[in-house]
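**Student:** Based on the provided sequences and hints, a complete structural model is requested.
Residue numbers (the numbering used here), protein chains in the order written: chain E, 149 to 305; chain B, 149 to 305; chain P, 149 to 305.
Wrong hints could be hidden among the right ones.
Since copy identity is lost for identical chains, a pair holds within one copy or between any two.
[Unchecked claim] Calculated pairs, DSBU-like style, for lysine-lysine (alpha carbon to alpha carbon, straight line, at most 30 Å):
no., residue 1, residue 2
1, 246, 210
2, 210, 187
3, 252, 210
4, 187, 252
5, 246, 303
6, 303, 187
7, 303, 252
8, 210, 277
9, 277, 246
10, 303, 210
Hint data in this document are derived by calculation from the structure and do not stem from the laboratory.
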Amino acid sequence: MLERDPAARNAFEVILTAPGLHAVWNHRVAHFLWTSGLKTLSRMWAYAGRSVTGVEIHPAAKIGRRLVIDHGMGVVIGETAIIGDDCLIYHGVTLGSKTGEHGKRHPTLENNVVIGAGAAVIGNITIHKGARVGAGAVVTHDLAAGATAVGNPSKVL
Amino acid sequence: MLERDPAARNAFEVILTAPGLHAVWNHRVAHFLWTSGLKTLSRMWAYAGRSVTGVEIHPAAKIGRRLVIDHGMGVVIGETAIIGDDCLIYHGVTLGSKTGEHGKRHPTLENNVVIGAGAAVIGNITIHKGARVGAGAVVTHDLAAGATAVGNPSKVL
Amino acid sequence: MLERDPAARNAFEVILTAPGLHAVWNHRVAHFLWTSGLKTLSRMWAYAGRSVTGVEIHPAAKIGRRLVIDHGMGVVIGETAIIGDDCLIYHGVTLGSKTGEHGKRHPTLENNVVIGAGAAVIGNITIHKGARVGAGAVVTHDLAAGATAVGNPSKVL
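**Tutor:** Here you go:
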């Protein structure tokens, strides 16, 4: 976070006041409970965290290292979402599914992906390495490595 | 919720951990207080619920049976909104009004309507039976029964 | 708020139940702490307020008189944002920066600007006097006085 958020002043302050960091830490605990078979407890834990951070991450979602969720309010990350390392997600982002789908129905983000504020990435699609999604963009198809998608409906630049 | 959310595992867990369900229940109480003439108390009740669920429903809004609000954070439902039965609303949805309007200024959703994450439905318009609004879509005109609107500005598919 | 929100019934009720009003008041305290050099305390204060109101305003942001934030959940106002007098901002609005920018990197809103629900205004740009941004619009360029921008990507009407 110190590297990626220009408003972050020092580690002590970030630890105390960054909701996205709290959300990711909270998810680590919830995910451990989920994989330990304590599923209902893990969802209660996740729900309690959501009330503080405004970030809703299903306990089963798989999240890589050094994910930064900036601001965080309104982020929803679904049950079968997979997030690689060094991704950056802004507030209001949805990693969601289409109504009525089952099984692996949420996106996979590879490493170094950036998803802008309020964007919705929907369905069992892959956002490849280093791709970027603009603020408010709605993405329902795979996005190639390094590509940028903007707009609603989204277009690749 | 058990029928419509593939991540819902059992009734006990849904009752404990579904913010949208808590929001709807909270609204039933707020709406009862409002229609009983305890208007300021009803708004305080609604505000308290909003801090937990992230869902803001004006106590006067009329909501039908079996509404599912999935995830819920950021949902805003205005004073003169009317929602039919069996509707499904995702997080971040606005049922709003245009700045400066008065009277019936929020939308009416008929039965079986689905509104995607982050969509804004604005003005005294009607979303007819079974219509769907895509994620992030901004809808300011009536939508015909069974139709689907996507994009910002929205187009009917 | 009494003038601008048709659902506002009286001052007592607004004071008790308007999250946007609480958020602005909270920011006045946080901003005072920030400018007094108590920066970490100011961020902790802002974070506590955010958990109640759902509105995240960086303590350093400069906000003019009579700002109305309606509903408020999900609003994010960045460190170098400047807001004039008599502006109206709906829930879900982002006054944000582009990833990797430094210095003055958030927008300036002149007086009497209206930003619709879920809109994102991004970068060190100016939204001139009386301009309006529609719901869900993504604006990354200056907007002339009195102009209206809608859509994602946004177009000036």
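**Student:** Which of the numbered hints above does this structure break?
**Tutor:** 6
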